[in-house]
Amino acid sequence: MKKLVLSTLFLAALLVFCSQSETVPQTGAKPAMMFADSSRGEPFAKDPDVAWYKGRYLLYYTMRPFRDGRENDGYGIGIAESKDLTHWQKIAELPPAHDYESKGICAPGAIVLNDTLHLFYQTYGNREKDAICHAWSVDGIHFTRNESNPIFAPHGEWTIGRAIDADAFAWQDKLLLYFATRDTSYTYQIQGVAAAPLNSDYGRDTWKQLTDYPILVPELDWEKTCIEAATVFEHNEKLYMFYAGAYNNQPQQIGCAVSRDGIQWKRLSQSPILPNGNPGEWNASESGHPGVFVDQDGQIYLFFQGNNDNGKTWYLSKKRVTWNGDMPVLVD
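Sequential numbering from 1 applies to the sequence shown in this note's numbering.
Calculated from the structure, these hints are not laboratory results.
Hints should not be assumed to be uniformly reliable.
Calculated lysine-lysine pairs in the DSSO-like style (CA-CA distance at most 27 Å, straight line) [said to hold, decoys possible]: (1) K174 to K54; (2) K224 to K266; (3) K174 to K129; (4) K30 to K83; (5) K129 to K103; (6) K238 to K266; (7) K30 to K312; (8) K312 to K103.
Derived CB-CB ranges, DEER-like [stated by the list, open to error]: (9) D99 to V331: 42 to 50 Å; (10) K312 to N126: 23 to 31 Å; (11) E42 to N114: 38 to 46 Å; (12) G55 to S271: 33 to 41 Å; (13) S148 to A92: 20 to 28 Å; (14) H98 to S269: 38 to 46 Å; (15) G280 to E42: 15 to 23 Å; (16) L113 to L210: 15 to 23 Å; (17) G161 to I111: 21 to 29 Å; (18) S271 to D309: 19 to 27 Å; (19) S269 to T184: 28 to 36 Å; (20) G311 to T86: 22 to 30 Å; (21) D205 to G55: 31 to 39 Å; (22) R127 to K83: 39 to 47 Å.
As the structure is a computational prediction, the values presented were derived from the model and not from experiment.
Backbone N, C-alpha and C fix where the C-beta goes; we use that ideal spot for every residue, glycine too.
Kindly generate the complete structure, drawing on both the sequences and the hints.
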């Protein structure tokens with residue numbers, strides 16, 4: 001009887017541990033990496049971005065709301081760590097902390113500059129008033145907010161003034177900030193870019209919007225009415241952008257574009273570079289919201305979100321980026 005009680009207690013503890021770390025769906029093909037956070041209910045992790053910082057890989061992602069009426073119950077940002085980019089363990093959270101974040105924060109974009117980890121993220125739930133915020137950290141876990149938050153929102157007749165899905169990329173003497181916004185009818189999700197001096201504090205007064213027009217808009221059938229979640233990297237003196245086309249579960253899929261200056265972009269294909277999965281697969285409902293990561297050895301990885309139940313749950317996975325000439329090719 002004593003052995004049975006101990007076994008039961010061990011099993012219960014194991015279930016609690018697993019519910020807050022990596023989980024896998026019950027149906028469909030399973031890739032090597034599948035991560036979701038179950039600490040707030042059903043498995044949920046969206047909007048991945050990865051950084052190598054002080055000897056470990058750190059994954060920043062969107063956590064679901066508590067949905068039980070408690071204070072600060074909006075979207076938050078989760079932090080997980082890994083030694084191999086495949087197996088992840090949640091280690092911390094970055095919850096909303098100020099009035100401008102009161103409805104939630106999400107879609108983090110991480111970049112390491114001068115041994116400091118900078119996080120650019122969005123407010124949530126404010127429609128046209130959602131904007132990009134900035135925080136910095138010297139350990140990757142505890143963050144100091146920029147005193148001028150929110151630091152950026154677009155302006156002009158081409159946009160409703162909303163900014164979401166931040167991605168920061170160091171280019172020459174600037175930090176480029178890619179963001180998604182809506183047109184004035186609030187129908188089309190479109191892509192924009194701003195820049196700040198690389199040696200600045202990235203406060204509100206340092207950012208300059210680089211165009212008075214969107215740099216990428218939905219044009220292809222599979223993109224429907226949405227371009228969002230741009231993530232940028234450099235290869236052979238060119239800039240490449242993975243982006244999400246179509247809103248969540250329509251299905252959202254991932255495309256790729258190339259640029260010489262970070263402003264003018266040309267699609268590399270008329271079809272998605274990463275489509276949603278087949279019926280029954282883990283990502284049948286979508287493969288979306290890309291986040292690119294370049295490892296210490298130069299290997300490029302594409303992290304992305306997916307699900308097979310129309311958004312009831314959300315998982316994160318990754319693919320390696322290889323090359324066929326100037327065309328990126330994704331492999332498991």
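Verification of the hints:
1. Of the pairs offered as hints, the one joining K174 and K54 holds, with about 24 Å between alpha carbons and a cut-off of 27 Å not exceeded.
2. For the proposed pair K224 and K266, the alpha carbon gap of about 18 Å is at most 27 Å, so the pair holds.
3. For the proposed pair K174 and K129, the alpha carbon gap of about 26 Å is at most 27 Å, so the pair holds.
4. At roughly 20 Å between alpha-carbon atoms, K30 and K83 fall within 27 Å of each other, so this suggested pair holds.
5. A threshold of 27 Å between alpha carbons decides the hint, and for K129 with K103 the separation of about 12 Å falls inside it, so the pair holds.
6. Of the pairs offered as hints, the one joining K238 and K266 holds, with about 12 Å between alpha carbons and a cut-off of 27 Å not exceeded.
7. Among the hinted pairs, K30 with K312 is consistent with the structure: their alpha-carbon atoms are about 18 Å apart, no more than 27 Å.
8. Among the hinted pairs, K312 with K103 is consistent with the structure: their alpha-carbon atoms are about 21 Å apart, no more than 27 Å.
9. A beta carbon spacing of about 45 Å between D99 and V331 agrees with the range 42 to 50 Å that was offered as a hint.
10. At about 25 Å, the beta-carbon gap between K312 and N126 stays in the expected band of 23 to 31 Å.
11. The given range of 38 to 46 Å is respected by E42 and N114, whose C-beta atoms sit roughly 39 Å from each other.
12. For the pair G55 and S271, the beta carbons lie near 40 Å from each other, so the given range of 33 to 41 Å is met.
13. At roughly 25 Å, the beta carbons of S148 and A92 sit within the given window of 20 to 28 Å.
14. At roughly 41 Å, the beta carbons of H98 and S269 sit within the given window of 38 to 46 Å.
15. Taking the beta carbon of each, G280 and E42 are about 19 Å apart, inside 15 to 23 Å as hinted.
16. Here the CB-CB span from L113 to L210 is close to 19 Å, well matched to the stated 15 to 23 Å.
17. For G161 and I111, the hinted distance range of 21 to 29 Å is satisfied, since their beta carbons lie about 25 Å from each other.
18. The given range of 19 to 27 Å is respected by S271 and D309, whose C-beta atoms sit roughly 25 Å from each other.
19. At about 30 Å, the beta-carbon gap between S269 and T184 stays in the expected band of 28 to 36 Å.
20. Between G311 and T86 the C-beta distance comes to about 24 Å, which sits within the given range of 22 to 30 Å.
21. Remark: the range hint 31 to 39 Å for D205 to G55 is upheld by a beta-carbon distance near 35 Å.
22. Separated by about 40 Å at the C-beta atoms, R127 and K83 satisfy the suggested range of 39 to 47 Å.
Comparing the model with each earlier hint shows no violations; every hint is respected.
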